[in-house]
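Visitor: These are the residues of each chain, in order.
There are 2 protein chains.
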Amino acid sequence: MENEILEKFFRPKSLALIGATNTPGFGHGIPRFWGKNGWLDRAYLVNPKGGQLQGREVYRTISELPQGIDLAVVIVPAPKVQEVLVELGKKGIRAVVIESAGFAEIGEEGQKRQDALLETAREYGIRLLGPNCVGVVNTDNHFATIEIMDRALEPGPVAIIAQSGVFGNILLDHLPEVGLKISKVATLGNKIDLDEADFLEYFTADPKTKVILIYEEGVKDGRRFLNALQRSCRQKPVIILKSGRTPLGRQATLSHTASLSGEDSFYDAAFQQAGAIRALSLLEMIEMARVFSTQPPMKGRKIGILTTSGSLGAMTADALYSEKMELASWSSETIKKIYENAPDWANVKNPLDVGPSGIFPLALGTIFSDPNPDGFILIPVIPYAAIEIWIRLGVNVTALIGDWQALRQKIEGKPVVAVLLGSKEWLDQVRGLCGDSIATVNTPEAAAKTLSALYRLSHKSRFDVSV
Amino acid sequence: MENEILEKFFRPKSLALIGATNTPGFGHGIPRFWGKNGWLDRAYLVNPKGGQLQGREVYRTISELPQGIDLAVVIVPAPKVQEVLVELGKKGIRAVVIESAGFAEIGEEGQKRQDALLETAREYGIRLLGPNCVGVVNTDNHFATIEIMDRALEPGPVAIIAQSGVFGNILLDHLPEVGLKISKVATLGNKIDLDEADFLEYFTADPKTKVILIYEEGVKDGRRFLNALQRSCRQKPVIILKSGRTPLGRQATLSHTASLSGEDSFYDAAFQQAGAIRALSLLEMIEMARVFSTQPPMKGRKIGILTTSGSLGAMTADALYSEKMELASWSSETIKKIYENAPDWANVKNPLDVGPSGIFPLALGTIFSDPNPDGFILIPVIPYAAIEIWIRLGVNVTALIGDWQALRQKIEGKPVVAVLLGSKEWLDQVRGLCGDSIATVNTPEAAAKTLSALYRLSHKSRFDVSV
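So the protein lines, in turn, are chains Y and R. Residue numbers for the first sequence follow my numbering, so the first one is 1 and each next one is one higher. Residue numbers for the second sequence follow my numbering, so the first one is 1 and each next one is one higher.
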């Protein structure tokens with residue numbers, strides 16, 4: 001039942017835009033986006049001025065629309081939304097996104113408007129997303145209730161539930177730049193009706209979604225949210241970034257989406273009990289998503305590190321300690337094999353620093369065969385000027401640091417994270433080696449943090465208590 | 001006196017490379033680099049095989065070289081270095097970089113070799129950099145004792161002292177990618193003679209250097225280092241990243257450069273007393289360098305935030321609280337002016353969230369005129385699809401979010417940091433607005449951390465005690 005109504009949001013058979021215009025802004029951008037992505041022929045545009053837009057007739061009133069429209073998107077000014085919602089209700093439309101701002105987040109007057117909206121929605125049996133949001137995105141069918149860049153539509157494994165519309169939209173611009181691809185997005189805004197719990201359930205059932213990210217400012221119905229969260233966490237990794245962690249952040253979220261952020265320690269405990277992983281920053285959330293969506297669970301805390309830089313190895317060791325992780329001891333076979341092949345100056349420890357010796361491929365094969373580590377961090381940093389000539393001579397980067405994809409198959413059950421540092425030419429080469437089966441991060445600290453989070457995620461059943 | 005010898009390292013009038021070869025590697029890359037950058041005509045290449053390299057005659061022995069060479073770079077295998085050093089001493093060369101590895105870092109045998117080197121250096125009055133390093137870089141005259149990429153040679157304000165050669169080299173590849181430009185670099189390796197103190201003094205006197213970064217694994221002569229550090233910190237910001245913060249990191253640094261990392265809390269206290277700022281990660285170091293090299297000191301802890309995303313505003317407020325910073329209260333003039341111009345839904349708080357209202361330029365001018373904040377964080381995130389059409393129509397980005405350079409001049413005495421998030425097209429636009437006078441970072445947390453560090457740096461005199 002729930003999924004049936006959410007299908008109307010993510011896969012509408014027909015839709016209406018209330019507030020279409022021909023001047024720059026949402027009212028212009030949304031129809032253009034629909035036109036570009038094949039949705040305009042099933043879309044009805046409404047504006048009291050009538051006329052034409054994107055080659056489509058513009059209807060002057062909602063009452064002129066045909067019956068049976070699946071989804072309406074409303075972008076008229078706040079004081080007019082109530083009237084529009086009544087008209088939509090009369091027309092039998094049961095799924096509505098209200099993108100307009102100017103409700104509870106601006107104070108008492110807005111709160112009254114918002115209360116009236118909810119009453120109308122209940123009266124007509126409308127399920128409502130918003131207000132103060134940008135609705136949904138589905139990369140699967142290139143549908144969105146907001147104009148986004150083409151590259152954000154490339155389908156991927158990450159679903160997002162974001163309270164704020166602007167922020168959800170920013171994520172859509174930003175994530176492709178950091179190599180994360182999206183399955184679906186829901187922006188909740190003031191969430192007077194549909195909320196986190198609804199979309200958690202929908203995304204958990206969605207076969208395209210492997211990892212769910214939630215950006216939260218304040219939960220309204222804690223019990224409902226935690227029950228849904230716990231059910232989702234049993235099936236998919238859920239990463240939560242919550243603002244309002246501190247007194248200053250709480251003040252800010254209150255004026256932003258009228259959220260009461262609540263005591264942060266409560267959230268911390270509740271998220272952990274439900275089996276979710278909390279990120280403390282946007283960057284952490286992105287990095288965890290990259291690792292969780294590509295890597296298998298991690299059985300223990302013992303990490304093996306292979307590096308060409310002792311300094312970066314040491315920084316990684318520091319970071320692992322801070323994250324309560326451990327360094328694996330190499331097996332006697334590993335130690336023997338590396339010493340047999342390494343130059344005199346080599347020192348077989350973990351982190352294993354092979355410097356510019358050229359034995360990176362051999363060392364990688366060796367440590368991947370070692371039963372001791374539960375996961376691996378690779379730091380293949382090589383000054384580009386030193387190898388540019390090899391690469392120009394046509395020497396494949398696999399000859400320099402190994403055929404990672406082939407070696408990766410030996411240890412399918414263990415996570416592998418690579419730290420990418422250096423010139424963009426080098427990073428492009430290494431990203432190619434990593435493919436989709438080795439996660440990449442940009443700092444030693446991120447490698448440690450994400451593997452620590454993966455370990456906690458892999459052992460979350462110990463927190464699995466009833467809520 | 002000290003500077004006279006270091007001038008030979010950074011501005012040699014003539015130089016020799018012991019171990020030049022025609023197979024890929026340092027022995028080939030260094031002469032090629034010197035050729036590209038105008039240094040080959042004053043360089044003497046040495047290899048027992050003789051012949052030609054890069055169109056230059058290769059000398060078979062050091063004894064054949066002319067007298068009066070300023071600097072020698074040694075890249076022969078460790079067991080041969082001692083003999084080479086004696087020859088260089090006899091030839092009267094007084095500045096030597098030993099890049100070869102295989103000394104104290106590999107154990108007892110290497111330690112013996114290293115002790116012998118130092119003895120020889122003392123005997124002949126040689127000042128020695130290394131072993132186990134890649135020497136120096138000077139962007140000013142495009143000189144380096146290692147092959148680096150052209151883009152790393154673009155002159156900038158940041159000097160680097162890195163213990164490890166590979167790591168110093170990686171920084172040279174990586175920093176241009178993150179927008180940091182370099183003045184000079186010294187990599188110390190096992191630092192048996194020249195050390196941090198020597199280069200701190202030299203870089204502090206260097207007019208091209210505004211900020212000094214130190215990557216440290218373990219200090220050998222603590223008193224000497226701290227005295228030099230304190231002297232430098234009185235004149236320029238010094239940022240230190242030190243590995244071996246934890247037991248795991250300490251094990252790693254020991255095997256890397258034979259450093260005893262020592263008790264971390266000792267370093268913490270000592271760095272603070274000297275007036276240096278400690279970074280806990282490479283990323284932090286880079287971000288602090290970006291802010292310290294472009295922004296004026298900050299008088300107080302009160303920050304004003306202008307954002308188009310309430311969510312990012314809330315995250316920034318959380319991060320400021322964690323960094324013991326404060327949010328400024330806007331003056332009554334600011335509040336009045338924003339309310340007069342903002343749409344109904346606006347809520348004039350700090351963070352000031354103007355959403356997609358279009359009043360960003362006016363708001364920026366207004367808060368920059370407000371006497372209350374000691375520094376500013378700008379978060380101009382706008383979904384690119386929503387404004388792409390404006391930009392295509394030729395609307396300048398200054399019309400959308402203001403003429404930052406002109407406004408910046410109103411508050412020359414206060415730091416301003418912008419958070420860059422979004423599509424690369426948008427980031428390119430905002431970077432252009434920021435120019436060289438507004439620092440850019442990539443996360444709300446980095447904005448808070450760097451301004452907090454700048455505040456501590458601006459008030460370091462309170463820690464200024466004699467060591």
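Check each hint, because a few of them may be wrong.
Copies of one chain are not kept apart here, so a pair can be met inside one copy or by any two copies together.
Cut-off 30 Å, straight-line C-alpha distance, at most; resulting in silico cross-link-like pairs (DSS-like, lysine-lysine) [to be verified]:
(1) K91 to K208
(2) K8 to K49
(3) K90 to K410
(4) K36 to K112
(5) K236 to K90
(6) K181 to K424
(7) K460 to K220
(8) K337 to K349
(9) K302 to K13
(10) K337 to K208
(11) K424 to K210
(12) K13 to K349
(13) K236 to K49
(14) K349 to K80
(15) K8 to K220
(16) K220 to K349
(17) K80 to K299
(18) K424 to K36
(19) K112 to K424
(20) K410 to K336
(21) K80 to K336
(22) K220 to K410
(23) K349 to K112
To be clear, the hints were calculated from the coordinates, so they are not data collected in a lab.
Visitor: How do K337 and K208 come out at 30 Å by Cα distance, when the copy is not named: within, between, both, or neither?
Guide: Answer is neither: 43 Å inside a copy and 48 Å across each miss the 30 Å cutoff.
Visitor: Reference check for the pair K13 and K349, CA-CA at most 30 Å: within, between, both, or neither?
Guide: Answer is neither: 61 Å inside a copy and 42 Å across each miss the 30 Å cutoff.
Visitor: Is it within a copy, between copies, both, or neither that the alpha carbon of K80 lies no farther than 30 Å from that of K299?
Guide: neither (56 Å within a copy, 48 Å between copies)
Visitor: Checking K424 and K210: alpha-carbon separation at most 30 Å within a copy, between copies, both or neither?
Guide: both (29 Å within a copy, 26 Å between copies)
Visitor: Regarding K8 and K220, is the shortest C-alpha distance of 30 Å or less found within a copy, between copies, in both, or in neither?
Guide: Close inside one copy (24 Å), not across copies (68 Å); limit 30 Å.
Visitor: I want to check one pair: K302 and K13. Are their C-alpha atoms no more than 30 Å apart within a copy, between two copies, both, or neither?
Guide: Classified as neither; 51 Å inside a copy, 52 Å across copies.
Visitor: Classify it for me, K236 with K90: is the Cα-Cα distance of at most 30 Å met within a copy, between copies, both or neither?
Guide: neither (39 Å within a copy, 70 Å between copies)
Visitor: Is the C-alpha distance from K424 to K36 at most 30 Å within one copy, between copies, in both cases, or in neither?
Guide: between (32 Å within a copy, 22 Å between copies)
Visitor: Classify it for me, K112 with K424: is the Cα-Cα distance of at most 30 Å met within a copy, between copies, both or neither?
Guide: Intra 53 Å, inter 41 Å, cutoff 30 Å: neither.
Visitor: If the cut is 30 Å between Cα atoms, do K236 and K49 qualify within a copy, between copies, both or neither?
Guide: neither (48 Å within a copy, 64 Å between copies)
Visitor: When no copy is named, should K220 and K410 be tagged within, between, both, or neither for a Cα gap of at most 30 Å?
Guide: neither (47 Å within a copy, 43 Å between copies)
Visitor: Since the copies are identical, ignore which copy is meant and state whether K410 and K336 lie within 30 Å (CA to CA) inside a copy, between copies, both or neither.
Guide: For K410 and K336, only the intra-copy Cα distance (20 Å) is at most 30 Å; the inter-copy one is 66 Å.
Hints 1, 3, 4, 5, 9, 10, 12, 13, 17, 19, 22, counting from the list given before, are not met by this structure.
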